Structure formats: C-alpha cells, structure tokens
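There are 2 protein chains.
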Amino acid sequence: MKHIRIAIGQINTTVGDLEGNSNKILSCMKEAASKDIDLVVFPELSITGYPPEDLLLKPHFIKENFKCLKNISQKTGDTIAIVGFVDEKDGDIYNSAAVICNKKIICVYHKMHLPNYGIFDEKRYFKPGLRNALVKTKDFSFGLNICEDIWTQQSRIEERAFSKAQFLVNISASPYHINKIREREKVIGAKAKRFGIPIVYCNLVGGQDELVFDGRSALFGKDGLVIAQAKAFDEDLLIFDLDLSKKQKKTHSKTKPISEYEEIYSALTLGLKDYVRKNNFNKVALGLSGGIDSALVACIAADALGRGNVLAISMPSRYSSIETQKDAGIIAGNLGIKFHKISIDNIFGSYLKTLSLHFKGSSPNIAEENIQARIRGNILMAFSNKFGYLVLNTGNKSETSAGYCTLYGDMAGGFSVIKDAPKKLVYELAEYRNKREGNDIIPKSVFKRAPTAELRPNQKDQDTLPPYDFLDRVIDLYVEKNKGFDEIVKRVGHKDIVKKTLNMIDRSEYKRRQAPPGVKITPMAFGKDRRMPITNKFTPH
Amino acid sequence: MKHIRIAIGQINTTVGDLEGNSNKILSCMKEAASKDIDLVVFPELSITGYPPEDLLLKPHFIKENFKCLKNISQKTGDTIAIVGFVDEKDGDIYNSAAVICNKKIICVYHKMHLPNYGIFDEKRYFKPGLRNALVKTKDFSFGLNICEDIWTQQSRIEERAFSKAQFLVNISASPYHINKIREREKVIGAKAKRFGIPIVYCNLVGGQDELVFDGRSALFGKDGLVIAQAKAFDEDLLIFDLDLSKKQKKTHSKTKPISEYEEIYSALTLGLKDYVRKNNFNKVALGLSGGIDSALVACIAADALGRGNVLAISMPSRYSSIETQKDAGIIAGNLGIKFHKISIDNIFGSYLKTLSLHFKGSSPNIAEENIQARIRGNILMAFSNKFGYLVLNTGNKSETSAGYCTLYGDMAGGFSVIKDAPKKLVYELAEYRNKREGNDIIPKSVFKRAPTAELRPNQKDQDTLPPYDFLDRVIDLYVEKNKGFDEIVKRVGHKDIVKKTLNMIDRSEYKRRQAPPGVKITPMAFGKDRRMPITNKFTPH
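Heads up: the sequence lines are chains W and Z, in that order.
For the first sequence, the residue numbers in this note's numbering are 1 to 541.
For the second sequence, the residue numbers in this note's numbering are 1 to 541.
Among these hints, one or two may not hold up.
Unchecked claim - Below, simulated SDA-like cross-link-like pairs (lysine to any residue); rule was C-alpha separation at most 25 Å, straight line:
| no. | chain 1 | residue 1 | chain 2 | residue 2 |
| --- | --- | --- | --- | --- |
| 1 | W | Lys103 | W | Gly20 |
| 2 | W | Lys193 | W | Asp139 |
| 3 | Z | Lys2 | Z | Lys136 |
| 4 | Z | Lys89 | W | Asn116 |
| 5 | Z | Lys528 | W | Leu357 |
| 6 | W | Lys511 | Z | Gly388 |
| 7 | Z | Lys70 | W | Phe485 |
| 8 | Z | Lys283 | W | Leu357 |
| 9 | W | Lys326 | W | Pro451 |
| 10 | Z | Lys435 | Z | Glu260 |
| 11 | Z | Lys58 | W | Glu509 |
| 12 | W | Lys360 | Z | Asn309 |
| 13 | Z | Lys500 | Z | Asp472 |
| 14 | W | Lys386 | Z | Arg318 |
| 15 | Z | Lys2 | Z | Arg194 |
| 16 | W | Lys528 | Z | Lys537 |
| 17 | Z | Lys481 | W | Asp469 |
| 18 | Z | Lys35 | Z | Val135 |
| 19 | W | Lys127 | W | Arg156 |
| 20 | Z | Lys58 | W | Asp469 |
| 21 | Z | Lys70 | Z | Asn102 |
| 22 | Z | Lys499 | W | Gly20 |
| 23 | W | Lys273 | Z | Arg531 |
| 24 | Z | Lys104 | Z | Gly91 |
| 25 | W | Lys164 | W | Ser141 |
| 26 | Z | Lys386 | W | Gly361 |
| 27 | Z | Lys254 | Z | Arg5 |
| 28 | Z | Lys123 | W | Ile62 |
| 29 | W | Lys499 | W | Asp469 |
The set of hints was computed from the structure by calculation and includes no laboratory data.
As the structure is a computational prediction, the values presented were derived from the model and not from experiment.
Bound conformation, chain W alone (with noise of 0.2 Å):
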C-alpha cells in the first residue's frame, strides 16, 4: 500500500462527559468510515476530556470511561481509531491509546513521559508505561505515543522501536500559550526528521477551566515541515493521504498562520466561551467602568457568546466622572449589548452612616475605596443570582500581580477572561478588536485616559502603581521567569522600585489565591501553573 487515507478527529472534549466525549468520537467515526479512511486518530484521554485531575481517583470514573472506550470499538469496522482513555491493571492506572478496529482493541500503549510541572500533575494520578507502541496491521505498521512523550528526549531503544514504523501517530492534549504553535512545530517537525518518518500529530481543542487546547493538528512530513494543518481554536476532521513510498516527495509547509492578536484574542474567545457553555451557563454579566480592561472583555464576551448574552453595569459613584460613564455607555452601544446604569452612590452613603461610630477620627483611606468596589461585586452577583448571569471579573495580569485589584470587589466573578493579560497586552489586543472591526467599538478616549480605578478623587493607578511599561517587565521577569531581585535590577535598574513591586507581588499571593479561574495565554499564569504558599518570608531584596 503506497497512500493510506488518515482523519484527524480534533473533537471538543468535556471533562467528566463520557458520553458526550464518546458521542463525538463516533460520529467522527462514521464520517470517517463513509470517506474511506483506513486511519482515524482522537486526541489524548478523549474518553474522559483533559485534564480530570481528581476525577481520576475516583474507581467508578475509571470503570465508566473503560465502559465507553468498549462501547466505541463495538462499533468499528475497517477503519482503524486510536482513541485516548485510562487503561487500568494490578491496581494502577495509565493515560493510554486504544488502537480499535472490526469491534476489537488491537493495542493499548501506555504514556512514558509523564509531565509534572506547570499544570501538569500526571505523576499524581498515572503509572509511566514502560513499552513503546510499533503497531503492525497488514498494510502498514506505524508507531504510537502520546503527547509528551514526544516533547522528551527519546533513549535508544525508543528510536530503535520507531525505526521500523512508517510513520509515527502522537495523540495530544497539548495547552495554548503564546507562541507555543511555534515551539510545537519545532519540537515535532525535528523529531520528524531525527526519525525520518512523517508524523500525524493529533492535538485536543476548546477550553477547560483555566486552559485552551488550540488545536492546529498537522501532518508533519519526515523533512519535518508541516504538510497538512487543521483549524485553530475550532473542531476540524483534517482529512488527507499519507505517501508511504520510501521516495516521498519534498514537501512544502502548509502551516496557516495568523497574527499574534488574532490568535490570543482568539484564545481569551474560546476559552470564555467554553467555561460559560460547559458549566451550563449561557449568559454573562459584567461591569463596565468605562476603562480599557472592562471595554475588552465586553467585545471578547459578545464574541463569544452573542451580544444578547451580554449585560453590562455601568455603576458610577460620587468619584466616577462623565467621560468614563459616557465611554461605558458608548462601548455598550456599539457592541449592540444589554445595558444598565445603576448609581451606587445611595448604598455607598448608607454603608458610611452606618459605620461612621465605629470610623469616627479616622481619614477616609482604602476602607472606604474597597466599600465601593464590593458594593459593585455584590451588584452584580444579585443579578447572577436573581437572572441567572455568569459574573465576569475584568482584572488584567499587571494588577493580579501587584494585587491592585479588591477581594470581593472587582475581583469578584465566575471567570476572568484577562486575568493572564498584562495591561500593555490589553491596549494591543483592544487595538487588535477596533481594526478588526473597521472603526472604533472602544472609543479613542478610552485609550487616551490615564487608568483609574475612580475610588477617589483624582485617583490614578500610577499613583500606587509603577508605570505599567516598567511593571509589566518586572512580572515577566519575577513570575514568569523566576529572576531574583538582583538579576532584574540588572535588567531594568530603579532598585527602590523594583524592590516594592516584588513586595507588592508577594504580599498578594493571598488575594490570587481566591480569584476565580481564567485563561491561560502565558508560559506562566497564576491558578494552577504557580503554586505560590502563601505564608511565605523568602523576601531576598
């Protein structure tokens, strides 16, 4: 056989919807039996969605997955799948490939690279297999491994084990962050070459909690360019036929790029999109102050779920000014979205006279500013709980970071949709959506404005905060890279600064540790990728 025809199945997943999950697997299936496909490849643990972190530990979970994963090979024909799911013997468990065809499992493979860093804790749950997969059928034989595996160096005698396969299938669940579809191809394209065999390589897609699967599934042809691409950040079956001929033609890459704000706004969309619809939610509120960070996650929300599902509050206080009320207003008119203006001035009042005994002789300081931020998240989450909205919190990386944000305030919500976004990336992105449209959704005005929380009189963030250019490279090195004091006074100089803004980041572990989940667009973000404690006296600066 010199072409075989091979389907990538880059479903959706959910997390715990075994059936769901299994329903999508086998409607792949039958598309691919009726286009005569010999091979049609499901990404990592597609049974059980990724991750399931503790679900893993229930008996009963893997019992059930097991269940599905018989239900799907009953119903194979010719067409080969591999499909992801838990195998599980003597006891131990392991995230495993099942290659099914004609109602049988033929082979299991067993990952043997678990990763254990960044929000990666397969340790915790799975047993590392110990044999490579060379799957040999009558009419070609290939290689199988999952995920990173293939991003580990390989010892001999895995390169042995491949060496005899015509190309190699690596199923994956393998997170977005930015530029990391560069990182992929590199790593896979040169494990292509190193084993001189194409690799169809088979990748997760949609959101789950604080992660984005992209997507972007590809042929890699043994040269290792990219010979054939699904779609990113979207379900795709990627059909095409596969040259098994020692004298394989050149190929030329076929990669699908697109901008970098294309791309991470289209990451915040769908991983938004996502947490809304598969908790059961489809409608979302938010507040809108008239400020860049709440503008944009207004556009992301009415691209993600439809700008009838979108309600925005605006709720201005004594210190709120006409410019940013007007902006709130104007944003919400131009994305087309349910709006409100609400004054929360008369509770504001009503909290002061009722605590003015006890705050008698003291000067209105971060008390009182907080009293109004909490009065807006307790707004909005009467909404939620009256109507039914999803809270968004609008807080963006750089204030995550220096905990310029209030517990409870605007802090509170389902889900923070920018809250891996440093502020520069905000502007950009928020640029990004005003070009894409044509005209400005987000008025020049908001742009223009020094940011201010309007807690206060006069209130700006620089007041409190460095410039946000200075911060947001003092977080890439401290958070991101995990430079110490000394090294990014190096890099960046104003030690007196420097030294406050780390303070800052590390009085704030106990804020972050109560903010709810969001999307993961950097190497680093807080959630589970940065396991801080927070009683913490390491302050070396």
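Given the coordinates of chain W, assemble chain Z onto it according to the supplied hints.
Same frame as chain W, now just chain Z:
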C-alpha cells in the same frame, strides 16, 4: 560506646524564612552542645520550611538555602547535627538531609521516595535519590532517611543497608489529620521491629497555610514501642539516652495520649495562630451570629491569639431573631473579646431601593438573601482595611461541601478556621470547649437551636439541606472515601436525597475554588488535597 545522648529539635519553621529557621536550628544546637549531646536532629527541609512549593523553582532560593547550610555547619563542634535542606546537583534538586559536625558536611542523603499525592507535590520539584545513607562515626553508625522513605515498602537493598546500622534517623514533615498519630506510630514502630533497631523520628511542628504539623517526634525502641515522645502541637527539644548495647532492655510505651477533641482543637488553634502570626497580623475580626459555627471560631481565636486580639461583630438584619442576637453578646462577653453590634438593615434597604427598578416583578429569592451575607462580608473587610484585622471565615465542612454558603459573603475572609470540620464535629468541639472551661462559654440555647442562616423569615438550614447527620455521612463517603453513587446509596439509602446531595457537592466546586485556606484536619480536605475540575460533567447519579 554503649550509650549516646540524642536531642530532637522539634522546631516550628516558617516557609521561606531561611534566616529565622537557621537561627532556630543554631539556638537548639547551642543548647545541645551545652548538654553533652552526641547527635541533634532537625525536621525535613528545616532550613526552607515545609512545603516551600514553587519557591523551589527559584534558583536564588536554592542558593540562599545552601548558604544557610554552610553557615550552620561552620558553627558545629563535636555534636553531630542533621539538618534538612535542598541540595542541587547538575541542575536537579533533591529533598536532602545533611550530616554536619566540626565545621564539615560529612554526608548528604537524598530522599528516595517522593510523595506526590494528597497535598504532596514532591515530584514536581525533586529528583529521587538513588543511594541509602549509612553514616559511620568513630563511636556509632546509623541509617538516615526522610519522611516518606519510612512509609514505603523498603527494597531488599535498603533493608540490607540498614542491617549494619545501630539505629535509624528519620526526619519528617508529616502533616496532621485526625488519627494520623496512631497510623504513624504503627508504621514507624513496625519498621523499628522489622529492622531490629531503634528509630529516632523527628517531625516538624507548626502551621503552614492549610497544613498543621503536630510534632510528637519520638524515639521508637527496636521492639516498636515509643520510649520517649516530644510535645504535641508545640516546639520541643526532646533529649534522651539511647542504649546501643545489643541487650537493650524491654521498653514500655511512653506515648502521651490526648483526647480526640483536645487534639483537633489544638490543631485548629495552632493552625490559626501560625497563619495569623506568620503573615504578620496580630488581630482578627469575625462575624458572630449567635450560631454554633461562629461561636466555636470565636473560642479558637481567643485561645490562639488572646481575647484582646479578637473583634466579634454581630450584624443583625430584619430576619435576625432576638435570641441569636442575645447569644452573640453572651458569647463575646463570656470570652471577654471585643464586640460590636452593627445593624445591616439600612444598608440592605438601600440595596433593595437601588435595585427595585431592575428586580420589579420578581419575588424575593436567593438574590436578596445573598445581598445580606455580602453586606456582612463588606463590613468585616472594611474593619480589616481600616484597622488591620485579618477576617476569619466561620464556615464548616458540611456547608462548604454542599455549597450552602455565600461567595464574598460568609465565605469572605483570609482564613477559614473550621472549613474542614463537619457540622457534627463543630458541635462536639464546642461541647469540649465548654467542658474544658467548666462552664458554658457557649450557651445551651446555641446547641439547641435548629441551625439557620437567618436570611429570610423562619429560614432553617434543613429547608435546603438534608439533616446534618445524613449529610456528613454522605460527605465522608463521597468526598473523603471517593465512593460512587451506587455504593453510597447501598450504605445510607435515600437514593433521591443522595443524588441531590452529590449534585450539590459537584456543583459547588467553583465556590470552593475561591475559598480562603483553612486547617486540614481530615484525611481529605478541600484545597490542595482534592483537586477537582470546576468544568466537570461526570454525574453518574
């Protein structure tokens, strides 16, 4: 040498406080030297504190920890010391124990068995060691290992290595949960018997975020019995003479049993005290409703921090009964803590008025209930922001499991003291505290009253939840024992109620993700212990 004198330095370290921890080690070493001690032993990772989590990913943290070890070793004389630290070799790091004396590091052992389950993530950071440590001095020889090593089935090689030792030293950071001490004594006692040598077991003491280490370091005789034991829940320098002659006499168990409730109460007290102090607070504020949960938390807070450092605020609304308001005042009076009474009714009224236009036509529901809870959260946080109190959350495990609590309302706070205590245990601990006092700090009426959130007229917890006895059994089976629906129904019956309860537990994951940390006292606490996805469609019930 037939006898040697050993000291166990059961110290309370703080994560990241390299200098403070080093000073504690040095001061114990000084005392040991003055008392003719041959060997002084400190807990696992005594230089860094345990668990240092992602601090371990900072190269400058590892460097600083090594500097501290060198500094400590420079100050050693004839007394041998064993200190826990992080070793580094070729870019990998190891959970390590250094044997030091006469200004030299004479041996370094790398932990071989790395726990990566429950609250443990050691494989995220450390490489496992490959070699046993058998330390020979001119006068005696001993085996050395670290925590999990002794809980694991030893290989032949390990057993053989220790056959030449006169005793074994294990340095640990073994966190507390109910009954852990019995488990621990069984496991370590069995190992002493199996190896036929005494075991010097040094455990950490103190609170760190969700964890409490209970100390109770001990000398186990070769017959497996405890010969000497250090204090529970407190620092201690336990000194004893170890008979190295083959004809060691039969020993008598010298454990210091404490009652289950005293033990749990002590764990909660130490956990709270250390969280507050190690995070540089000294006073706490809590809402005192007149119910059993906040009453117990007030007692624990007064015991942990001193009554002068506790502020209780009663925040009645139109739905608060005269009786609960009265009981709140009595409890505060009995404890001698500061007490304010602040009606939330005007504020509540102003919310209703502000929202009246939007809520028109809808009947009062959970939205209006939660507004009240969130007003209370806002007031407590205002006291925190104004005067520097750390706010305590007073929710118990039963309501946290079922989601019977309000995000940003009663869930607000920096620390959640009894979050791992089921309702039944809350009553038992309150009773224990009353008994210990010899009179009713918490009035009988609080025990007799049916639990109520008082957020609408005549509300009772049991309008929404199954009876607490039943709920607690389901939580035990589902959360702590990971049993499935069928198994739970088999044990407790009431299929429909079990189904409803499991749904409540599953659907509340998003709330728990935003909850503050609190003291782990059961084998399976919410938090790092139980890592469930929020987005999760696994509902086989």
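We went through each hint and held it up to the structure:
Proximity of lysine 103 (chain W) to glycine 20 (chain W) is assessed by CA-CA distance (about 20 Å); at most 25 Å being required, the pair is judged to hold. This hinted pair checks out: lysine 193 (chain W) and aspartate 139 (chain W) have alpha carbons roughly 23 Å apart, not beyond 25 Å. Distance restraint check for lysine 2 (chain Z) and lysine 136 (chain Z): the Cα-Cα separation of roughly 15 Å lies within the 25 Å cut-off, and the hinted pair is therefore satisfied. Taken as a hint, the lysine 89 (chain Z) and asparagine 116 (chain W) pair is honoured in the structure, with Cα atoms around 20 Å apart against an allowance of 25 Å.
Between lysine 528 (chain Z) and leucine 357 (chain W), the direct Cα distance comes to roughly 41 Å. Violation of the 25 Å bound is thereby established for this hinted pair. This hinted pair checks out: lysine 511 (chain W) and glycine 388 (chain Z) have alpha carbons roughly 16 Å apart, not beyond 25 Å. Restraint check for lysine 70 (chain Z) and phenylalanine 485 (chain W): the C-alpha separation of about 22 Å stays at or below 25 Å, so the hint holds. For the hint pairing lysine 283 (chain Z) with leucine 357 (chain W), the CA-to-CA distance comes to about 21 Å; that is within 25 Å, so the pair holds.
A distance of roughly 16 Å separates the Cα atoms of lysine 326 (chain W) and proline 451 (chain W); the hinted pair therefore holds under the 25 Å criterion. For the hint linking lysine 435 (chain Z) to glutamate 260 (chain Z), the alpha-carbon distance of about 14 Å falls within 25 Å, and the restraint holds. Only pairs whose Cα atoms come within 25 Å are accepted, and lysine 58 (chain Z) paired with glutamate 509 (chain W) is accepted, the gap being roughly 16 Å. The hinted pair formed by lysine 360 (chain W) and asparagine 309 (chain Z) meets the criterion: a straight-line CA distance of about 21 Å does not exceed 25 Å.
For the suggested pair lysine 500 (chain Z) and aspartate 472 (chain Z), the alpha carbons sit about 14 Å apart, so the restraint of at most 25 Å is met. For the proposed pair lysine 386 (chain W) and arginine 318 (chain Z), the alpha carbon gap of about 20 Å is at most 25 Å, so the pair holds. Restraint check: the Cα-Cα separation between lysine 2 (chain Z) and arginine 194 (chain Z) comes to about 22 Å, which is no more than 25 Å; the hinted pair holds. Straight-line distance between C-alpha atoms of lysine 528 (chain W) and lysine 537 (chain Z) comes to about 20 Å, which keeps the hinted pair within the 25 Å bound.
For the proposed pair lysine 481 (chain Z) and aspartate 469 (chain W), the alpha carbon gap of about 50 Å is over 25 Å, so the pair is violated. For the suggested pair lysine 35 (chain Z) and valine 135 (chain Z), the alpha carbons sit about 23 Å apart, so the restraint of at most 25 Å is met. Pair hint lysine 127 (chain W) plus arginine 156 (chain W) holds up; C-alpha atoms about 21 Å apart against a cutoff of 25 Å. A hinted pair counts as satisfied when its Cα atoms are at most 25 Å apart, and lysine 58 (chain Z) with aspartate 469 (chain W) qualifies at roughly 24 Å.
Distance restraint check for lysine 70 (chain Z) and asparagine 102 (chain Z): the Cα-Cα separation of roughly 12 Å lies within the 25 Å cut-off, and the hinted pair is therefore satisfied. Restraint check for lysine 499 (chain Z) and glycine 20 (chain W): satisfied, since their Cα atoms lie roughly 21 Å apart, inside the 25 Å limit. A C-alpha spacing of about 23 Å is found between lysine 273 (chain W) and arginine 531 (chain Z), which places the hinted pair at or below 25 Å, so the restraint holds. At most 25 Å may separate the alpha-carbon atoms for a hinted pair to count; lysine 104 (chain Z) and glycine 91 (chain Z) meet this at roughly 23 Å.
This hinted pair checks out: lysine 164 (chain W) and serine 141 (chain W) have alpha carbons roughly 8 Å apart, not beyond 25 Å. A hinted pair counts as satisfied when its Cα atoms are at most 25 Å apart, and lysine 386 (chain Z) with glycine 361 (chain W) qualifies at roughly 11 Å. For the hint linking lysine 254 (chain Z) to arginine 5 (chain Z), the alpha-carbon distance of about 18 Å falls within 25 Å, and the restraint holds. Note on lysine 123 (chain Z) and isoleucine 62 (chain W): the hinted pairing holds, with a Cα-Cα distance of about 24 Å set against a maximum of 25 Å.
Pair hint lysine 499 (chain W) plus aspartate 469 (chain W) holds up; C-alpha atoms about 16 Å apart against a cutoff of 25 Å.
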